[in-house]
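Q: Need the complex rebuilt from these two chains, each delivered in its own frame; the hints are there to steer you.
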Amino acid sequence: MQFPCHRWFPLRWLAAAFLLIPSGGRSASPGPVVFSRDVLPILSDACFQCHGPDAKEGRKGDLRLDDETDAKRDRDGIRVIHAGHPDASELLQRLLSHDPDEQMPPPDLGRPLSSEQIDTLKRWIAEGAKWGKHWAFERIERPFVPEVSAGIHPVDALVQRGLDEAGLKPNPPADPATLVRRLSLDLTGLPPSVVLGDHSALIRDRENPKTDHRSPITDPQWSSIVDQLLASPHYGERMSWDWLDAARYADSNGYQGDNERTMWPWRDWVVQAYNENLPFDQFTILQLAGDLLPSPTQEQILATGFNRNHMINGEGGRIAEENRVDYVMDMTETMGTVWLGLTLNCCRCHDHKFDPLTQADYYRFTAFFNQTPVSGAGGNAQTPPVLEIAPPEAITARDTARKARNAAKALLDKAPEPEKAALEKSFKETEAKLKSLEDTIPKVMVMADQKEPRKTFLLDRGLYNAPGEEVAAAVPAILLPAPETRNRLDLARWLVSRDHPLTARVTVNRLWQMLFGVGLVKTAEDFGLQAEYPRQRELLDWLAAEYVESGWDTKALLKTIVTSETYRRSSAITSPSDFENDPENRLLARGARFRMPSWMIRDQALAVSGLLEGSVGGPSVFPYQPEGIWDEATFGKKTYRMSEGGDLHRRSLYTFWRRIVGPTEFFDTAKRQVCEVKPLRTNTPMHALTTLNSPTYVEAARFLADKVLRAHSDESARFQTLSHHLLARPANAEETAIWKRSLGRARDSFSRDSAAADRLLAVGSSPIRLGLDTVEHAAWTALCLNLLNLDETLTKE
Amino acid sequence: MSPLPAHSPWRILDPAAPAPLRDHQLGINRRQFFGRAATGIGAGALASLLSKEGLLGAEPEPGGLTGFPNRPPKAKRVIYLFQNGGPTHVDLFDYKPRLHEVHGKPVPEGYLGGKRFSTMTGDPSGKLMLQPVEPFQQHGRSGAWVSAFMPHTAKIVDELCFVKSLHTDAINHAPAISFLLSGAQIPGRPTMGAWLNYGLGVSSEDLPGFVVMTSVSKGTSCGQIFYDFYWGSGFLPTRFQGAKFRGSRDPVLYLNNPDGLSSDLRRGLLDDLSELNAIKFRAIGDPEIETRIAQYEMAYRMQTSVPELTDFSDEPDHILAMYGPQVREPGTFAYNCLMARRLAERGVNFIQCMHAGWDQHNSLTTELYTQCRDTDQPSAALVMDLKMRGLLDDTLVIWGGEFGRTPFIQGDLGNRERWGRDHHPYAFTIWMAGGGVKPGITYGASDDLGFNAVENPVHVHDLQATILHLLGIDHERLTYRFQGRYFRLTDVHGHVVRPILA
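Protein chains in written order, with the numbering used here: chain A, 1 to 797; chain B, 1 to 502.
Source of the hints: derived by calculation from the structure; they are not laboratory data. Quick reminder that beta carbons are idealized off the backbone N, C-alpha and C, glycines included. One should not assume that every hint holds.
[Unchecked claim] Cβ pair distances, simulated, as ranges:
hint : chain 1 : residue 1 : chain 2 : residue 2 : range
1    : B       : Gly390    : A       : Asp631    : 35 to 43 Å
2    : B       : Gly140    : A       : Asn465    : 40 to 48 Å
3    : A       : Glu321    : B       : Gln137    : 41 to 49 Å
4    : B       : Asn415    : A       : Met642    : 43 to 51 Å
5    : A       : Gly636    : B       : Lys115    : 31 to 39 Å
[As the list claims (entries may be wrong)] To give an idea of the chain B side of the interface with chain A (calculated C-beta under 10 Å), a few residues:
hint : residue
6    : Ile225
7    : Tyr227
8    : Gln241
9    : Gly268
10   : Asn277
11   : Glu288
12   : Glu297
13   : Met298
14   : Arg301
15   : Thr479
16   : Tyr486
One chain only, chain B, in its complex shape (with noise of 0.2 Å):
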């Protein structure tokens, strides 16, 4: 990286020093290019220009909100393995053995109880129950049930915490994704992780405090679309927004320098850029003007960072052999979950990794195969890799999906290359790790077939009021007023699911 000019309020920065440190520095460096203004703008009015938002549109310091976290955290930032299109409690994690002896039969009185299905499925009363597809058994010191779809993540079930009574609202993906992610079925509400960069803060200085990376697997006959609202930031400042990182070529839009433009120039380029903005705020006073000098000083810093983030050559061939075959291939899943520890490692707070194509409405006995290949072993590496690092400590990750799928086929019983299950989201099962997470348990169960959350029953709001506090932060403190009331992640539910915290 280029020296930074004389007059950078970034120059005396150390990137070493804790994020707090370096704010600290930067208040004083920003003092200091402030005392220069000639505007003669004094002490008092330099403590309204460094403390308030200032003009519309002005930025917040980067410190985040005062007051957050307002607990010890456990978490200090999260990774969250989003497995998009429903994956399939029975057939993976939820082990029920009585669907062996219903298998072919009606779904027995009393499971349904005037539920809504989707349409595909209409009125579920009828319905033929279905049996895992592939068996289960236990593993580890924990005795966690785990079928044979998931060999990689068996083999590190002692670090999970499965949580098998989630239960949401929604029957539809993006209903319910958006549901999971900003609490809100419509979309238009901020998603976790800009609710979390805005209470506290982005920690890192090269980087965007939220990145988000998507994939599916080859051959998935039914992607499910990722809209732009499952990273949004709704009514808070789009800064708050998650950076999506593309697949290929460049993670970054225009990342790249021109063509023809060498480097060396452009930092030649943006040194003038930046004392021609100074001239400016020495003649107007607009704060503004310190924004748009620091905004593309951090431009430039992602045109170093980002590309140093995505050479994995300093990866040893052992670490890179843990996440699978896929993992130098830009867009895959393995490729963005070792991104996601890279990302960690590099101060990003929240980071979400976007799997499609778990819709198995017809392909439990085919495409549910590739599908686990694709994500089960990179998922597990990655939880082992940041625990080899420490970083599993202080890292929440988590794995699920928007709902579960039908105990009962979808499908005809007699075409095994067919079998199928439906939207379910009335149980499912998701597993969390680190960040102040219980190891080797599982909280919560369905019923005997899997239909409904019946011990311990976690609710969508539970777990996003339990993840915030894992970060430190009181759901219901956490708020935003917008059209005239005060809205949070957790609507005006939510409540931590404290057994299952360490």
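So that you can see chain A by itself, here it is in the shape it has in the complex (with noise of 0.2 Å):
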């Protein structure tokens, strides 16, 4: 647990462990009942249904367990909660209780409270019955870490806390191969042979089988390389999947038609951002309002195409109105998810069964996205405002041509009868050199209020049609005072001031949930009154006021966390009964084990094989998939024409996303259509036989092979090299005992039958390389192949 003072040490650690007062110890079960934490998930869970904040649907006995007057006044005699007396609390003869009519919750629910659940209410009965606020509503105080003090990583400290309490012991240090090969996925999505390459003396060693690629690598070394991958632009698009999956970023409409629309620039721009480390308070007032800035400039209003990445929908019959309405929802709702954490579209139609926020609330929300002049008429893929993004030249060239479709067309109008063919013509070519430079031109719909504000209204179960009372914009005071609420710009203001209770601990915990799997709050997407309280609350509130105080530094704060003990654990389950105590690895006593993205193992068998061609941004592309699919999904309106050369094998982050009818070689992805900021992770068939068969894969496997077949004539040479660049550590004797093995198999079937092996070596549209034994080549390939289908090739351990 030593942590010695690096110069990138920051000295604030140690100061604010000084200046900042104790947050009071953890209180471990069964100390005092902690009302946030022990109670009110109880009755938020339990009774906030019928018993809680919404007003006009649902509330029955004219009671209210979420407010502290409510429940403990007096109602003739009869208090619900009786601080002090839990005998004489109705709550718990009602929890007690065996009679049907009068047992609470209803036993017809089918979820009766645990009698743990029911002591712990009489406890925090029986001690006063303090009431609180939720917890991820308060202010983030910094947690006083003295470990500090004694050169501990805060982090570490932290969660040395619930180890000890739940007596669990943290397992040692992952081996450095597996340590760099972890750390450069998480950060660049890449494996470390490609990212760090020869700059990185450790990768060079461990190439060298007489070094010991266990030696530990010391924590400058660490420090250096943690640098290195930072400050690769591959980081930049490691972090932007994510991003583009909560912004749900798409190259074409959505819905029937689903037409193409261009935001990449959009999307190139927030690679930028996270490149540059644009600080996270900046990258949200740009993304929410960067329009409203005085005098903005063009990449400003670039970054607002955040909002405006929503569905669009041309289906025939549907209402503009209703259609822009749902476009003002889906920007509300997913600010809500992405900025809160909170489930705003609860509110959509009623009052909030959990979280204090009313329908209300809501629509008061909207009111801030309500004033953008977009038209909800259908069918047109680049719905205005919009900025073209295009050098002078073009624009120029583009207002020449249509200036010259003009003339044409009026003269064109104009010109009698027999003269009409020869200009119909010339118009005509005018018409198609226009629309050709046109073309060239990306236009991302972006942002901007229009002067006349528009007013918004309290909509009736959320119909378009049924308008309530006027809403003007404002936020809820529950979560924080906003000193204005004019406009977006203020709302966004608002969302990073440092007193906000939730944009910190959610955007923090994002992170986190990237590097380890799972959030410190599970829930990524709910920090309401429903999400679990978090075990780690003070290392979730440490990293939140570090994240706030360092000026929403997000490379720094990525720094910090895998720099920890913690972050750098090996991932083995090397005690069964810890795994039982803990099998969800929620105290974190041991690394991050998990398969790896469906993009990432994409990307990593490119990058492998030497196909990956990694130049950053610019339109999508169109990689590998299978015939027919387009065609099938829009009955034969839109054809997917596969690029060509270098585009098969740019970074998945780049290929073009169809949302009627998705990429076909990603699984458990974000679908891309509204906001997702929780991965999945399943383990479905299909998803094995596309990393077995798809000519991406099959492709990558041959050039893997052929990489190693020139790089070594010696086979365990040609072993090694294959396990560097795969899995990033030599490769055991049992393991090559096996390789051997297939390669055997592989040999026997390619010289019998030599065709096959160049029907295999065939696959996938880049030319073979001269010079390899035809049967050699297949057999390395089939066992490439199969190494590119290796648990832990797939898995980041």
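A: Set out below in structure tokens:
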């Protein structure tokens, strides 16, 4: 647990350790009951559906258990909660009753409280029924971490508290090789052999079999590797994937018609913003309200494309205003999920059942987004306001062509009948020219507020044509009062103010989720009352405070986390009882181990094979896809035209995303229809079939085999090179014996049928490099394909 | 199929054994597999590994949720013949003789009552009524009315239970289909098939538990897009989402080994792969690795089972003839209906065949004929084929779309070629067969013009509750916690339609 001070060690941790007021020791059960941790989740889960904040629908028995005054008031001598007197509290009598008419929760709900939960409520009342706020709505205070002064990493110190409580022993550090691969995949989404390459002495040493790959990495070495990876342009690409999921970025509108759009300059802006480490508060303000800054630059307006990534409905028979209202709601709810971690969509139709948010709060939020002069009329892929992203020459050329077209049209219209045919031809030419120039100019839908403010109403049951009371833009004071709420800029500034209870917690939690597979709050999309109380709340709050006080420095925060011992632990399950005590590793005794996202698996295959075309940004590309997928889904209206050359091997981030039929090689990704912030990880056989059989992987295997065969003539050296690329570690004898067997099988098969070897090597559009024995190359291709499917290859561990 | 490797956890499984027995064997074998683990994980940890979901993303056990089914099931599987676009109830099954009397007259007073129609209709007052395009006749012992559009369905009416009082909340296709299949108009909730597999588990060893196939009649001018949220798993793990079989070439993407890689070589390589994964598992004990081994074995088995599934050469000619001339053509509804029966035989729990093109805004006298020709015979054949094999008793077949069509005309009465009807959510007809539903009955009724469900109205949530009931699931008990609340297919609504239960 020793944490030596390096030059990058942030001094403010030490300062903070002494300056901040202790937050009070963590209450180990059966210590005093803590309202927000122990009581509120029970009340919320079991009672609020009928006795919660929703005033109009559902509240029963004229009782609010979310409101201290109401819950404790005298009702003709009966008190639902009588502080200090559990036996005189109606709440407990109802919980303990066996009479189905009296019993709470009503037995037909089928969700009775456990005796532990009832006991908790009883103790809480006995201890005085002290009320409090939902933990996530409290101001973020940096917990006191005295261990820091002893050189212990604050993350480790805080994690250790949880481990001590549970009596768990942390794992030792992972092998350096495993660690470097873990870090490289986490921060760039690419394997270390590609990103670090020869720049890392460490990696070079590991290629040398004489170097012990298990010799530990020193802290300065580790720090320097972290810096290298954070400085890689691939860092921004890796971070962008998750942001694109949240922003529901896609290259088409969705719904029927599913017309194409060109939002990719916005996507490139995101990559660049991450690479330049734009502070998250700026990142927020630009995307939510860059257009409202004084004299906004083109970049600031471009950033607001975030809001306009929503689907656009072109279905016939749809009412334009209904569509427009849908878009406003989508913008509002996306903001709610990404920054607030709240399920605002619940409030479209009624007051929130659990969280202290009313339907009016929801529509006050929508008022911020309701001012854009967007039409809901369907069909048009690029509904204004749009920003054209092109060099001035391209714009000028287009404008000139437009004038020429208009002139030709005017001539045509005025011309006498006999001359029309000739003029028609020249008009068509000018029109074609205009179109070809127009197509070179990507148009990004962006935000703008119209001059004449649009009135916003509470909509009954969320229906566009059922307006209720008029509402003005405002934020819920229960979260944090705002000084001003005139427009989106005020909203964005409110979100990133130091006192905001949610933004930093929610954002830090997503970063933690990215690294550890599961957030400190498991429900990354919900920090409301129904979310679990984080067992590592102090850690979450410490990280959140650190993030805000560092100036929302994302790279610094990631560095803080990945330099902890917690991050660097081995992910092996070494103790059965420890595993049993914490199978989900929520207490972090082990390092994270989980299957990589499918897009990262593809990128890794391209990278290790040397096929990856690593350029950053640009229009979306069309990698391998079986024929007919788009045609089938669109009744022949859209046909997939595969890219050629290097564009087949760009990073997955740049794959064209058609909303009604997403890319075929990705699994468990967000659907890019509405905001999604929590990845799924499943193990469908369809995914295995893809990595076993799709041309992407077969071609990558061929190139990897080629690389290995040319690097060495000696088989065992070849095995080690292969292992270095795929697993970033040496292979052991037990493994290589099996690899040898695989090679033997493949050699047998291809020697018997050398035409089959030719066919395997012909998969993929990249040409075969000459000079290798066909049977041998095919046999190694088969081995490489198998190893691309190894659990360890598919997994970050 | 090549022999499985000695260490394969699937090796001792007897494919002929009933699913629960296989699960038991699987458990035992996993224990043996585990017993060899070098990490020395004891029996206690083992129980945990085998019973818990484990790390985030680890697979739940294949047997479904404990406690389900929570009542004796009548149906073990569902085949949903989804007629996408809104079949015209007043032209097919819901016979309204009075429509002939009021033909060409404005919509009579009292039927509209502020109802919402699609923008194509807008304000419906003053619209002209339209008689059924084809004549109706009564059929079978049950005397069910069926129009001349559906001659094959007419022959099997005594097997069918018609529900003529269905009504829904949505008036456009995508929201209405989403509402019917997932209980919510906005995409993002699990669909019926996903719920079913989540609750009851997957009973097929070699195929996914929820399979979807789509088709559209040739020459259809207004095909509706099949969105993948029609078979989505919403917030349930994606292993429960429908596996979309494609209608041409390979039904499963990337099913075939790469060109040049023989299946013998692949089997050998997969054996090696399993062994390498097992080494890793012994070293670090992550139960996810076991799941990986199982995942790859399932992929391999699908490589065998899917081609066998789509090989109709074992079907006698008289069976193929029953389904009609298109049965050999992948991607047609007839082909998909026969596939549905073959999937049902192989233990797949939820089979969703969606046929688009029932959107007759201006094609009642033209494309509707094609639409019926392509779907009528295969639907009837499927019911009878299942019956002949004794499968109809525990297979619930449902035929129906997302809404009906207006009893008034869309278009010009004088231009018969372009007669059409608009979307109509207030009353429409579906039929069900087998799986614990009373055969040869008609339940519920619309009013005398087919406008509104007036007798025993059945809401979409009631239909969903009834389907789950037939499968042995109390629709109020099958819940999933997401975003802090418990969700279910029927939201907070739904009543089982008991009078139609056998």
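Q: Work down the list of hints and note, for each, if the structure agrees.
A: Results for each hint:
1. B:Gly390 to A:Asp631: 35 to 43 Å: 39 Å, holds
2. B:Gly140 to A:Asn465: 40 to 48 Å: For B:Gly140 and A:Asn465 the Cβ distance comes to about 46 Å; the hint holds.
3. A:Glu321 to B:Gln137: 41 to 49 Å: For A:Glu321 and B:Gln137 the Cβ distance comes to about 46 Å; the hint holds.
4. B:Asn415 to A:Met642: 43 to 51 Å: 45 Å, holds
5. A:Gly636 to B:Lys115: 31 to 39 Å: 36 Å, holds
6. Ile225: 5 Å, holds
7. Tyr227: At 6 Å from the nearest chain A Cβ, B:Tyr227 passes the 10 Å test, so the hint holds.
8. Gln241: 8 Å, holds
9. Gly268: 4 Å, holds
10. Asn277: 5 Å, holds
11. Glu288: With Cβ-Cβ at 7 Å, under 10 Å, it holds.
12. Glu297: 9 Å, holds
13. Met298: 4 Å, holds
14. Arg301: 8 Å, holds
15. Thr479: 9 Å, holds
16. Tyr486: This hint holds: B:Tyr486 lies near chain A, its Cβ roughly 8 Å from the closest one there, short of 10 Å.
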